[in-house]
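2 protein chains.
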Amino acid sequence: MRTIKDLQSLFNDALQEQQFKGTPTELYEPFTYILSLGGKRMRPVMLLHACEMFCGESIKALPQAIAIELFHNFTLIHDDIMDRAPLRRGLPAVHKKYNSTVAILVGDAMLLTAYKYLVKCDPQLVSPLINLFNDCGIKICEGQQLDMNFEKSNTLEIGDYLGMVELKTAYLFATALQMGAIIGGASESDASHLFNFGKYIGISFQIKDDWLDSFGTVERIGKQSGGDILRNKKTFLFIKALSISDDLTKGQLKSWFSGEQVNDEEKVSAILKIYSRLGIDEVSRSEMESNVAIALQHLSRVSLTESQKKSLAELAKDLLVRNE
Amino acid sequence: MRTIKDLQSLFNDALQEQQFKGTPTELYEPFTYILSLGGKRMRPVMLLHACEMFCGESIKALPQAIAIELFHNFTLIHDDIMDRAPLRRGLPAVHKKYNSTVAILVGDAMLLTAYKYLVKCDPQLVSPLINLFNDCGIKICEGQQLDMNFEKSNTLEIGDYLGMVELKTAYLFATALQMGAIIGGASESDASHLFNFGKYIGISFQIKDDWLDSFGTVERIGKQSGGDILRNKKTFLFIKALSISDDLTKGQLKSWFSGEQVNDEEKVSAILKIYSRLGIDEVSRSEMESNVAIALQHLSRVSLTESQKKSLAELAKDLLVRNE
Numbered sequence: 029m030r031t032i033k034d035l036q037s038l039f040n041d042a043l044q045e046q047q048f049k050g051t052p053t054e055l056y057e058p059f060t061y062i063l064s065l066g067g068k069r070m071r072p073v074m075l076l077h078a079c080e081m082f083c084g085e086s087i088k089a090l091p092q093a094i095a096i097e098l099f100h101n102f103t104l105i106h107d108d109i110m111d112r113a114p115l116r117r118g119l120p121a122v123h124k125k126y127n128s129t130v131a132i133l134v135g136d137a138m139l140l141t142a143y144k145y146l147v148k149c150d151p152q153l154v155s156p157l158i159n160l161f162n163d164c165g166i167k168i169c170e171g172q173q174l175d176m177n178f179e180k181s182n183t184l185e186i187g188d189y190l191g192m193v194e195l196k197t198a199y200l201f202a203t204a205l206q207m208g209a210i211i212g213g214a215s216e217s218d219a220s221h222l223f224n225f226g227k228y229i230g231i232s233f234q235i236k237d238d239w240l241d242s243f244g245t246v247e248r249i250g251k252q253s254g255g256d257i258l259r260n261k262k263t264f265l266f267i268k269a270l271s272i273s274d275d276l277t278k279g280q281l282k283s284w285f286s287g288e289q290v291n292d293e294e295k296v297s298a299i300l301k302i303y304s305r306l307g308i309d310e311v312s313r314s315e316m317e318s319n320v321a322i323a324l325q326h327l328s329r330v331s332l333t334e335s336q337k338k339s340l341a342e343l344a345k346d347l348l349v350r351n352e
Numbered sequence: 029m030r031t032i033k034d035l036q037s038l039f040n041d042a043l044q045e046q047q048f049k050g051t052p053t054e055l056y057e058p059f060t061y062i063l064s065l066g067g068k069r070m071r072p073v074m075l076l077h078a079c080e081m082f083c084g085e086s087i088k089a090l091p092q093a094i095a096i097e098l099f100h101n102f103t104l105i106h107d108d109i110m111d112r113a114p115l116r117r118g119l120p121a122v123h124k125k126y127n128s129t130v131a132i133l134v135g136d137a138m139l140l141t142a143y144k145y146l147v148k149c150d151p152q153l154v155s156p157l158i159n160l161f162n163d164c165g166i167k168i169c170e171g172q173q174l175d176m177n178f179e180k181s182n183t184l185e186i187g188d189y190l191g192m193v194e195l196k197t198a199y200l201f202a203t204a205l206q207m208g209a210i211i212g213g214a215s216e217s218d219a220s221h222l223f224n225f226g227k228y229i230g231i232s233f234q235i236k237d238d239w240l241d242s243f244g245t246v247e248r249i250g251k252q253s254g255g256d257i258l259r260n261k262k263t264f265l266f267i268k269a270l271s272i273s274d275d276l277t278k279g280q281l282k283s284w285f286s287g288e289q290v291n292d293e294e295k296v297s298a299i300l301k302i303y304s305r306l307g308i309d310e311v312s313r314s315e316m317e318s319n320v321a322i323a324l325q326h327l328s329r330v331s332l333t334e335s336q337k338k339s340l341a342e343l344a345k346d347l348l349v350r351n352e
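Chains as they are written, first to last, in my numbering: chain A, 29 to 352; chain B, 29 to 352.
Derived by calculation from the structure, the hints in this document are not laboratory data. Don't take each hint at face value.
[Said to hold, decoys possible] The following label-pair restraints were derived from C-beta to C-beta distances:
1) B:S37 - A:A113: 41 to 49 angstroms
2) A:G50 - B:E57: 33 to 41 angstroms
3) A:F178 - B:G191: 17 to 25 angstroms
4) B:L119 - A:G279: 39 to 47 angstroms
[What the hints assert, rightly or not] Below, a list of computed lysine to any residue pairs in the SDA-like style, where the Cα atoms sit at most 25 angstroms apart:
5) A:K49 - B:T129
6) B:K144 - A:V296
7) A:K49 - B:Y56
8) A:K167 - B:T129
9) A:K261 - A:V296
10) A:K148 - B:I272
11) B:K88 - A:K49
12) B:K124 - A:V296
Owing to the predicted nature of the structure, the values given are computational and were not obtained by experimental measurement. All C-beta atoms in this analysis are idealised placements derived from N, C-alpha and C, irrespective of residue type, glycine included.
Chain A extracted, bound-state conformation (with noise of 0.2 angstroms):
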């Protein structure tokens, strides 16, 4: 069986191959700009090892793999611009380098080549993988939405934020991973497990990425960010925070967030210290450790041999945090 490592070139092979050219280039060349930035392409290759794993062949799965990044990278254009987010993978976003009205414009013509893609299948597949597609796409929507309401809200429970991030972010994993199994012939209930155990590592994915933000050390991630505290963004860290302290913490944590002008490094560090003083960390790790306990269940109940699963278990305990 391929490893990771392997579906990762095979995959970024396939995408160099296509050629999103035409007329007029304005429209074309952005797609060529966002996919080249790169990433880890993880949604992709969770859908390709989903196959292999079915029938050993991920080959076949090919194009919905490239409808897969091609939808993911639809919504990453357009919520760089709902965010107001100038850079993208360290680069400028498509509506920076652009502007927003082009970035529009190629979003959506990447979402309608991401069907071009998804419908390149056994026929009889046609259906049951556009069905699972629209109702991906539309919970991410409505994730967005949701992410965008709570910036305004004060009111936000831990529930709250789970139920987003389970449509945002985990269920492009959970579909990913479920249309794999499909292409490859799993059983109904193999492929309901498969969506399972995505969605739970979809969760812990962004519990992960909300702690790197304020935990993860320079070698971890190359440099530590702060980021999401200084654009007050509601992530499980602060949420979780928020409910578990007392009034004159809570106040605090508040009277940061307000978003009033103040000095950069006083504002994270503040923070960190209330985080810290409150065992955020450690709450975090036990929340990501629990999701993904809960993924690798779904994972063991999944007809195949442990060999057979090892790289996705490997996948689901990457996530977790190690005491280095």
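Dock chain B against chain A, hints included.
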């Protein structure tokens, strides 16, 4: 056979029955808002009519008619952001009534929802319908990008304009008719002639839209707008005028359209005088007539009786300007 008016009612009733509801409401309320703004529902009605022409029954094409209307409204929502258009059918555009962020996301969700309806059909039609719909969607994006490029170009030829209109406007008419024909069981040749009928009708429709802005009487369109002139829009009329005028008139046209602040009434009146001197009214009518004639040629080659084709022929002739 149902009349166009019957089909409009049938479609509006079916659309009204759909529940575009869900959470978060911020995402779904704008669905109801834009769909309630009305319009003649030309595209879905043409789809239903094409289906009925071939199989005597249009109800089975209702999901695809809804898909086409959702798709059309998705393009309106995003185009209005890109074109900074404050109004849609006399009421605030979605990005004005809500905001641009909501409008981007609602458009995305509406496109995804369109696909949900599109696949509600005979399983063996899913692939052909999806492929037509995808291609059409991408062509429309290309047309919108060309239209935006044109606003910055000083060297447009009438062929560029017609190519853009074919993509941005005519393709959706053409695809709606082709899809309806396929659902109704038409032969490939008949479906293709209906596609071409729709294409030339669509081009004529856009030229008439351009023409009405300058030559529509108060009785015809409720008001004389000149809105395209005030927005320096590169319409059929303007590009044609540029292409047939001498250097002096060219200079005048370019100067009026240079975007400098001038008196509105004075500008509209000056441009209309130039159009009149150049015979642009007649040239435009003649272009509409040519396109309608080609459309009718394609209709004549569809293997149905004259009475079955009567409504479409009338619809085509209604696009011509009558000397009232």
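* To do: Please test the hint of 17 to 25 angstroms on the beta carbon pair from A:F178 and B:G191.
  => The hint (17 to 25 angstroms, Cβ to Cβ) is violated, given that A:F178 and B:G191 are roughly 45 angstroms apart.
* Does the alpha-carbon distance linking B:K88 and A:K49 stay inside the 25 angstroms limit? -> violated, 37 angstroms
* Pair hint A:K148 and B:I272, alpha-carbon separation not exceeding 25 angstroms -> violated, 48 angstroms
* Asked: Under the criterion that the straight-line Cα-Cα distance not exceed 25 angstroms, is the pair A:K49, B:T129 satisfied?
  -> The hint is violated at about 28 angstroms.
* Hint consistency between A:K261 and A:V296 [alpha-carbon to alpha-carbon, up to 25 angstroms] -> holds, 12 angstroms
* Does the Cβ distance between B:S37 and A:A113 fall inside 41 to 49 angstroms? -> About 46 angstroms separates the Cβ atoms of B:S37 and A:A113, which means 41 to 49 angstroms holds.
* To do: Mind checking the hinted window 39 to 47 angstroms against the Cβ distance between B:L119 and A:G279?
  => The hinted range 39 to 47 angstroms holds for B:L119 and A:G279, with Cβ atoms some 44 angstroms apart.
* Has the given pair, A:K167 with B:T129, been kept, meaning a C-alpha gap of at most 25 angstroms? -> holds, 17 angstroms
* B:K124 paired with A:V296 [C-alpha distance capped at 25 angstroms] -> Cα-Cα ~36 angstroms, so violated.
* Is it true that the CA of B:K144 sits at most 25 angstroms from the CA of A:V296? -> violated, 45 angstroms
* Are the Cα positions of A:K49 and B:Y56 separated by 25 angstroms at most? -> The given pair, whose Cα atoms are some 34 angstroms apart, is violated under the 25 angstroms limit.
* Can you let me know if the beta-carbon spacing of A:G50 and B:E57 is within 33 to 41 angstroms? => Since A:G50 and B:E57 have Cβ atoms about 36 angstroms apart, the given range 33 to 41 angstroms holds.
The structure is inconsistent with the numbered hints 3, 5, 6, 7, 10, 11, 12, although it conforms to all the rest.
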